[in-house]
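**Student:** Sequence:
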Amino acid sequence: MKVGFVTFGCRLNLAEALDQEAQYAAAGWEIVPVEDPCPDPPELIIVRGCSVTAKAQRDCEKKIAHLRARFPGAEIRITGCLDVRTPPADPLTPSANRQPPLTSHHLSRAYLKVQDGCSGKCSYCIVPAFRGAPVSTPFNDVLARARAFIDDGFREIVVTGCNLCLYRDAKRGLPELVAALAMLESPGHRIRIGSIEPGICDVALLDAIAAHANVCRFMHLSLQSGSDRILRLMRRPCTAEQMAVFCEDARRRLGPRFTLGADIITGFPSETDADHEATKSLLSPPFINLHIFPYSERPGTAAATMTPSIPVAVRRARAKELEQIGAANREKYARALIGKDVVVCVEKDGNGRTDEYLRCNLQGAAPRRSLVCAEVKDYFPKTGALSATIHALKH
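If you read the sequence shown in numbering that gives the first Met the number 0, its first letter stands for residue 0, the second for the next number, and so on.
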């Protein structure tokens, strides 16, 4: 039996796809690619979809239609965050002495799902309708899974969840989990934290990162806006001032190499020029990796009926402006790294990402998934990538 996988969206979807591939491989299924060329058509295709924006949903639907046309004899199962989900296909029962292999997936970094679901009531978000209430993976199960990734050769582990800051197992939360993952015995590994909510996570998380050098000095924050008025309409858990204080505290504790990413929505209903300017003022360095989304009405959310609606052209223009701010921040930060060393996780194309989550083109050979030390030689604004020369295999 042959099965193919197509995955859209966030790190959480990638983590779930990694687990599912391992389960199918352990059950005796052959994992086959579904991209061209595909000489060996699958009998089952599992699509893990995304509906976070209207565009994301359209992209998923187009891909599903394309797959149905290319593989008319295959069963297509749809899961993840998509309105047209179908029940997941159970793999054949694996034999008792067979363990799910992790290397069947093509990823260079391991995506470790520790939590699912969200109790938030954000007015624009459709995800809780798919993911449900918060559920956390038991602490020791997370550590066992991480050890398996390390044993399988992964050297970067990305901790993922629907709302990571809601992770809880008895009295242990995300800070305790991050510390335990960092302290796992290994030839050398690093931990990267997925997207977090600054209004929920507290200084204990910053303490955990600061205490362990192998936790990446990068955080991706779910900010959405820098305007308190818009944040209230969005039903977000914190104010712009609280976000700014959290970011400044993080920068002070984690040092000058610390960088930030952020999710931002432009053109939310009733957003004014003043609201947009407030967002711009929040996004000073070290914000170097901005994910900008023009607001997208999602049926079934409170925001979908809010007025006045902002013209699509204005939403896009504001998004473009913020993208330019992010690019300028990234270039300024990257050029300051020239002549300095970075640690890069090597990907399948021989390049990779630095600890600070900058794309890096590497000169020199190193094994895929390894961590290498490299000296930065240049930065290329068009691609947003550093150029660096490997001078040591770190792990």
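Be aware that one or more of the hints could be misleading.
To be verified - As a list, the in silico DMTMM-like pairs of lysine to aspartate or glutamate whose alpha-carbon atoms are at most 20 Å apart:
no.: 1; residue 1: Lys381; residue 2: Asp348
no.: 2; residue 1: Lys331; residue 2: Asp348
no.: 3; residue 1: Lys279; residue 2: Asp340
no.: 4; residue 1: Lys120; residue 2: Glu196
no.: 5; residue 1: Lys170; residue 2: Asp140
no.: 6; residue 1: Lys331; residue 2: Glu296
no.: 7; residue 1: Lys347; residue 2: Glu196
no.: 8; residue 1: Lys279; residue 2: Glu320
no.: 9; residue 1: Lys61; residue 2: Asp18
no.: 10; residue 1: Lys120; residue 2: Asp227
no.: 11; residue 1: Lys393; residue 2: Asp340
no.: 12; residue 1: Lys347; residue 2: Asp150
no.: 13; residue 1: Lys393; residue 2: Glu374
no.: 14; residue 1: Lys54; residue 2: Asp227
no.: 15; residue 1: Lys1; residue 2: Glu42
no.: 16; residue 1: Lys376; residue 2: Glu330
no.: 17; residue 1: Lys393; residue 2: Asp348
no.: 18; residue 1: Lys54; residue 2: Asp262
no.: 19; residue 1: Lys1; residue 2: Glu15
no.: 20; residue 1: Lys61; residue 2: Glu29
no.: 21; residue 1: Lys120; residue 2: Asp140
no.: 22; residue 1: Lys1; residue 2: Glu34
no.: 23; residue 1: Lys279; residue 2: Glu240
no.: 24; residue 1: Lys347; residue 2: Glu34
no.: 25; residue 1: Lys120; residue 2: Glu296
no.: 26; residue 1: Lys339; residue 2: Glu296
no.: 27; residue 1: Lys376; residue 2: Glu322
no.: 28; residue 1: Lys170; residue 2: Asp115
no.: 29; residue 1: Lys393; residue 2: Asp151
no.: 30; residue 1: Lys319; residue 2: Glu276
no.: 31; residue 1: Lys61; residue 2: Asp140
no.: 32; residue 1: Lys381; residue 2: Glu320
no.: 33; residue 1: Lys61; residue 2: Glu74
no.: 34; residue 1: Lys120; residue 2: Asp151
no.: 35; residue 1: Lys279; residue 2: Asp348
no.: 36; residue 1: Lys393; residue 2: Asp227
no.: 37; residue 1: Lys381; residue 2: Glu322
no.: 38; residue 1: Lys381; residue 2: Glu330
no.: 39; residue 1: Lys331; residue 2: Glu374
Derived from the structure by calculation, the hints contain no laboratory data.
**Student:** Checking against the hints above, which ones are violated?
**Tutor:** 2, 3, 6, 7, 9, 14, 20, 21, 26, 27, 31, 34, 35 and 36
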